[in-house]
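S.K.: Below, each chain spelled out in residue letters.
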Amino acid sequence: MECLSFTYPAREPVARRVHVGVVGSGDLEVLLEPSADADAHVAVTTSVDGFGTVWKHVLDRFFTRFAGAAAIEINDFGATPGVVLLRLEQAVEALRA
Amino acid sequence: MSTAAERERWLARPSFIELCARERARAILDPGSFRELAGPFDRLKSPWLPLQGVVAQADDGVVIARGSIDGQPAVVGSIEGVYQGGSIGEVSGAKLAGALELALRDCERGRPVRPVLLLETGGVRLQEANLGLAAIAEVHAAIVALRRHVPVVAVVAGLVGCFGGMSLAAALCSRVIVTRQARLGMNGPEVIEQEAGLAELDASDRALIWSLMGGEQRYATGFADVIVEDDAEAIAGEVRRAFAAAATTPRSEQVEALIARLAAIDAAHPPDPGALRALWARRRGQ
Numbered sequence: 000m001e002c003l004s005f006t007y008p009a010r011e012p013v014a015r016r017v018h019v020g021v022v023g024s025g026d027l028e029v030l031l032e033p034s035a036d037a038d039a040h041v042a043v044t045t046s047v048d049g050f051g052t053v054w055k056h057v058l059d060r061f062f063t064r065f066a067g068a069a070a071i072e073i074n075d076f077g078a079t080p081g082v083v084l085l086r087l088e089q090a091v092e093a094l095r096a
Numbered sequence: 000m001s002t003a004a005e006r007e008r009w010l011a012r013p014s015f016i017e018l019c020a021r022e023r024a025r026a027i028l029d030p031g032s033f034r035e036l037a038g039p040f041d042r043l044k045s046p047w048l049p050l051q052g053v054v055a056q057a058d059d060g061v062v063i064a065r066g067s068i069d070g071q072p073a074v075v076g077s078i079e080g081v082y083q084g085g086s087i088g089e090v091s092g093a094k095l096a097g098a099l100e101l102a103l104r105d106c107e108r109g110r111p112v113r114p115v116l117l118l119e120t121g122g123v124r125l126q127e128a129n130l131g132l133a134a135i136a137e138v139h140a141a142i143v144a145l146r147r148h149v150p151v152v153a154v155v156a157g158l159v160g161c162f163g164g165m166s167l168a169a170a171l172c173s174r175v176i177v178t179r180q181a182r183l184g185m186n187g188p189e190v191i192e193q194e195a196g197l198a199e200l201d202a203s204d205r206a207l208i209w210s211l212m213g214g215e216q217r218y219a220t221g222f223a224d225v226i227v228e229d230d231a232e233a234i235a236g237e238v239r240r241a242f243a244a245a246a247t248t249p250r251s252e253q254v255e256a257l258i259a260r261l262a263a264i265d266a267a268h269p270p271d272p273g274a275l276r277a278l279w280a281r282r283r284g285q
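If you read the protein sequences in the order shown, they are chains R and B. Position 4 of the first sequence, counting from 1, maps to 3 under numbering that gives the first Met the number 0, and the rest follow consecutively. Position 94 of the second sequence, counting from 1, maps to 93 under numbering that gives the first Met the number 0, and the rest follow consecutively.
Pulled out of the complex, with its shape left as it was, chain R reads as follows (with noise of 0.2 Å):
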């Protein structure tokens, strides 16, 4: 197990608290609330040791698109990195609606 944090500058505020997915095998959950500051800040809780890059990777991916000032928790049992991109658009996607 391990536990990773990451920062990004954010452009808006977020509203509400969203959260989606399962801690299973193969999936991960996404708990996303407004950010106590301006910018964004994630903390991953994930089954595999020693994906940190991976990791950055996807959400600077994800962060190209998504600009909210929200505090992003992710419990993971073993996502890939396909599977987490699907699962934080799925979490902007309710937070939208």
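This list has only true hints and no planted wrong ones.
For the chain B half of the interface with chain R, some residues (derived, Cβ under 7 Å), not all of them:
#1 Cys19
#2 Pro39
#3 Phe40
#4 Gly52
#5 Val54
#6 Gln56
#7 Ala57
#8 Glu79
#9 Val81
#10 Tyr82
Sample of chain B residues with no beta-carbon within 12 Å of chain R, all distances over it, derived:
#11 Ala136
#12 Asn186
#13 Glu199
#14 Glu215
Here are the simulated distance ranges between beta carbons:
#15 R:Glu88 - B:Ala11: 26 to 34 Å
#16 R:Arg60 - B:Ala144: 48 to 56 Å
#17 R:Asp38 - B:Arg108: 42 to 50 Å
For the record, the hints were derived by calculation from the structure and aren't laboratory data. Just so you know, even glycine gets a beta-carbon here, dropped at the ideal spot from N, CA and C.
We have chain R; now place chain B onto it with these hints.
M.R.: This is chain B only, laid out in the frame that chain R set:
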């Protein structure tokens, strides 16, 4: 053979099994009445799993929701089978027991609350051992106290099924609703194979497993009261019918009948699943 129309209807149905725990609770409650208590943002996580290198889920795999069923106040405890096999730890068990105990307090004060348990669980969470077992005992005690006031309704839909101490919780409920895909039993097949050997039970033989502990067999032998298709609307309908039904003696209080059932079995020559259905057939009106 099913007709094309039947197949279309089957494909169009809203599956209950495919729903996550939160969506299942929402599907049982009256539309728009779902209100979650102690949800993921309250972060009541297992303190024990991370110490053992296991990632914890923010709600510990149990969704507690208040709302209404046919306009009457209700509480649903829904277990997420995909997270740690729906296992009951200190926190998830306390959430279930606490919800039932609060419903009991409301009932005692003359404000009945309809309790529903959506059981998708392998039983106690081994990483939390006695703490999970203690919580399961609290769930048992709460069900027994609560069913004197109001029916306690359990749904076992699958695909995890309901095992271990939580199968006892199901057995204590006033009414048990299952699907064909459900399994209900004390020991899960893998546990039996591991403990008693492959000759006793081949856990990879799905037809055999379901013939022993599957929903149809459990219904046919009287361990479940209702069998229903994997259809969220049909299951929600059966939950409503369970609360509308006349009160019956809880299964676990029918001691003489249960002793008579056991007496009908020759332990030296245990019956196969078909023979057990004949021995323990549902009586008319059951």
